[in-house]
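Chains A and B supply the protein sequences, listed in that same order. When we follow the working numbering, the leftmost residue of the first sequence carries the number 1, and every step to the right adds one. When we follow the working numbering, the leftmost residue of the second sequence carries the number 1, and every step to the right adds one.
Keep in mind the hints are simulated off the structure, nothing from the lab. Computed from a predicted model, the values in this text were never measured in an experiment. We put the CB at the ideal spot given by N, CA and C, even for glycine. Check before you lean on any hint, since a few could be wrong.
[What the hints assert, rightly or not] Derived lysine-lysine pairs resembling BS3-like cross-links, with alpha carbons at most 27 Å apart:
1. A:250 to B:44
2. B:43 to A:295
3. A:99 to A:34
4. A:295 to B:44
5. A:270 to B:43
6. B:43 to A:250
7. B:8 to A:270
8. A:137 to A:190
[Claimed, not checked] If you want the ones that stay clear, here's a sample from chain A, every Cβ over 10 Å from chain B, calculated:
9. 47
10. 195
11. 205
12. 219
13. 230
14. 304
[As the list claims (entries may be wrong)] Pairwise CB distance ranges, derived in the manner of DEER restraints:
15. B:82 to A:65: 25 to 33 Å
16. A:182 to B:87: 52 to 60 Å
17. B:18 to A:196: 25 to 33 Å
18. A:296 to B:18: 32 to 40 Å
19. B:105 to A:180: 49 to 57 Å
20. B:82 to A:56: 40 to 48 Å
21. A:182 to B:73: 46 to 54 Å
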Amino acid sequence: MTTDQELYGRRGRIVTDQDAKDITRVEELAYDLKIQDVMTRDVSTVSPEMPMRNVLDMLRKRRISGAPVLDNENLVGIISMEDLVRAMSMNDLNAPVAKYMTTNLITVFGFDSLIKALEKLIQVNVGRLPVLDENNKLVGMITKGDITRGILIAIQKDYQEEEVRRYRASHLFEDIKSDRTTLVMRYHIKKGDFINGGNASSNIKRALVRLGASPQIARRCGIAIYEAEMNLIIHTNNGGRIKVEIEPQKITMLVTDDGPGIENIENAMKPGYSTATNTVREMGFGAGMGLFNIKRIVDNMELTSAPGLGTRLWMSIIMEDDESLREADSSTDIQGETTQ
Amino acid sequence: MNLQEIVKELELTCLTQPQDLSVVVPTSGYASDLLSCVMAGAKKDGLWITLQAHLNIIAVAALLELSAIIVTENAPVEQPVIDKANDQGVILLATPLPTYAVVGKLWEMGLHGV
Chain A
1 MTTDQELYGR RGRIVTDQDA KDITRVEELA YDLKIQDVMT RDVSTVSPEM
51 PMRNVLDMLR KRRISGAPVL DNENLVGIIS MEDLVRAMSM NDLNAPVAKY
101 MTTNLITVFG FDSLIKALEK LIQVNVGRLP VLDENNKLVG MITKGDITRG
151 ILIAIQKDYQ EEEVRRYRAS HLFEDIKSDR TTLVMRYHIK KGDFINGGNA
201 SSNIKRALVR LGASPQIARR CGIAIYEAEM NLIIHTNNGG RIKVEIEPQK
251 ITMLVTDDGP GIENIENAMK PGYSTATNTV REMGFGAGMG LFNIKRIVDN
301 MELTSAPGLG TRLWMSIIME DDESLREADS STDIQGETTQ
Chain B
1 MNLQEIVKEL ELTCLTQPQD LSVVVPTSGY ASDLLSCVMA GAKKDGLWIT
51 LQAHLNIIAV AALLELSAII VTENAPVEQP VIDKANDQGV ILLATPLPTY
101 AVVGKLWEMG LHGV
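So here's chain A without its partners, still in its complex pose:
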């Protein structure tokens, strides 16, 4: 069994809410983890000459059900409880291991994915597999128990990392003392960049959830920013900027561009009014609902524009006391369980 330290050292894995619900995470880990990450390294071995009686003693003392047989460091067989039972029934416990051991060996490599070991364990229905290195030398043994334990530790680690992230973020506004703390996120949106359209809004939404915002607040911000983001992509000359300022009780969003500006703001605010090109409409944009949606979903909105100069869209969403980011959400409060 690998130490927790070794497994916990594995980096770069983030579990989203979706993952957490999803069983395929285990499948992913079965490919992600290597056999050497979870195998038992401290293996008791026997020699081909050892009498079966001594094997019986060893298995009993170490509470294991089998052992690999090494001849000059080469793996030549495996001896199990079943082989012992056969020797006992023949009253032949003085015979050497070589007489009863299984020589038809099924092995795996330490650098293989866990899934390889799982496949073989299931295929041949044995309890344990010897693990070899690239020089075919025995480096460990792997059982179904090792695999289960390894995957559970990795999943637990995933959760802890995400929980720590959430815990830190959701306490940000409590931990930092000032008269007025704000978190500012800035995004540059390129004109015509439909491929990345929606990325800024989904990043902002995720940040808000981490900060402890309610799903409704995060969703409202996400929708408002998405519409503004797509407006920059579709309607501007050179793209534009989004600045989101998060305070414990208020989210302010400022979207600016340098042209072409809106000819008639009153028209632009009317549901169904659109100046989008046919190509853009074919993609499903240009319904003329963007600004109208924004107005519906935010608490305050100011739109100013000068033809030839650019457009400035200011929006804010107010969080009531019970939605404030300053209040720690008890479900993400894992104080005491995390040690850094």
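We have chain A; now place chain B onto it with these hints.
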């Protein structure tokens, strides 16, 4: 009614990575090809039926936390769209049926939430 039953009944093809669709339970439906209308009208955990198949539908579905997108009339869905859907945890389903027929069948099955 869960998504597995819907996929079976309507013979939909799942384009995203295999997962247990029986735990996904759509509570409403919304049909439109105009993204801003979907933004305004589709509800969380709803099913979205559309002819659109480009990248931005994934952003919309992820933001709204829709239960799945059904792309109709075999509109060609390119690999980057499927990759992004897998990445964002959005379920993408496809069918040769037109939107009208899909909506009709879903209604018949009892998905009346709008």
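> When you check the alpha-carbon spacing of residue 270 (chain A) and residue 43 (chain B), does it fall within 27 Å?
Replying inline: holds, 23 Å
> Are residue 43 (chain B) and residue 295 (chain A) close enough, with their CA atoms no more than 27 Å apart?
Replying inline: holds, 18 Å
>> A range of 52 to 60 Å was offered for this pair. Does it hold for the Cβ distance of residue 182 (chain A) and residue 87 (chain B)?
In response: violated, 30 Å
>> Hinted pair, alpha-carbon criterion (27 Å max): residue 8 (chain B), residue 270 (chain A). Please report holds or violated.
In response: violated, 42 Å
>> Verify this label for me: residue 47 (chain A) is non-interface relative to chain B, using a Cβ-Cβ cutoff of 10 Å.
In response: Check passes; 48 Å lies beyond 10 Å.
> Regarding residue 105 (chain B) and residue 180 (chain A), is the given constraint of 49 to 57 Å on their beta-carbon distance met?
Replying inline: With Cβ atoms ~55 Å apart, the hint holds.
> Taking 25 to 33 Å as the hint, is the beta-carbon distance of residue 18 (chain B) and residue 196 (chain A) inside that range?
Replying inline: holds, 28 Å
>> Next pair to validate is residue 137 (chain A) with residue 190 (chain A); report whether the Cα-Cα distance is within 27 Å.
In response: violated, 56 Å
> Taking 27 Å as the top limit, are the C-alpha atoms of residue 250 (chain A) and residue 44 (chain B) close enough?
Replying inline: holds, 24 Å
> Is the gap between the beta carbons of residue 82 (chain B) and residue 65 (chain A) within 25 to 33 Å?
Replying inline: violated, 46 Å
> Per the hint of 32 to 40 Å, is the separation of the Cβ atoms of residue 296 (chain A) and residue 18 (chain B) within bounds?
Replying inline: holds, 38 Å
> With d taken as the least Cβ-Cβ distance between residue 195 (chain A) and chain B, does d exceed 10 Å?
Replying inline: violated, 6 Å
Hint violations for this structure: numbers 3, 7, 8, 10, 11, 12, 13, 15, 16, 20, all remaining hints satisfied.
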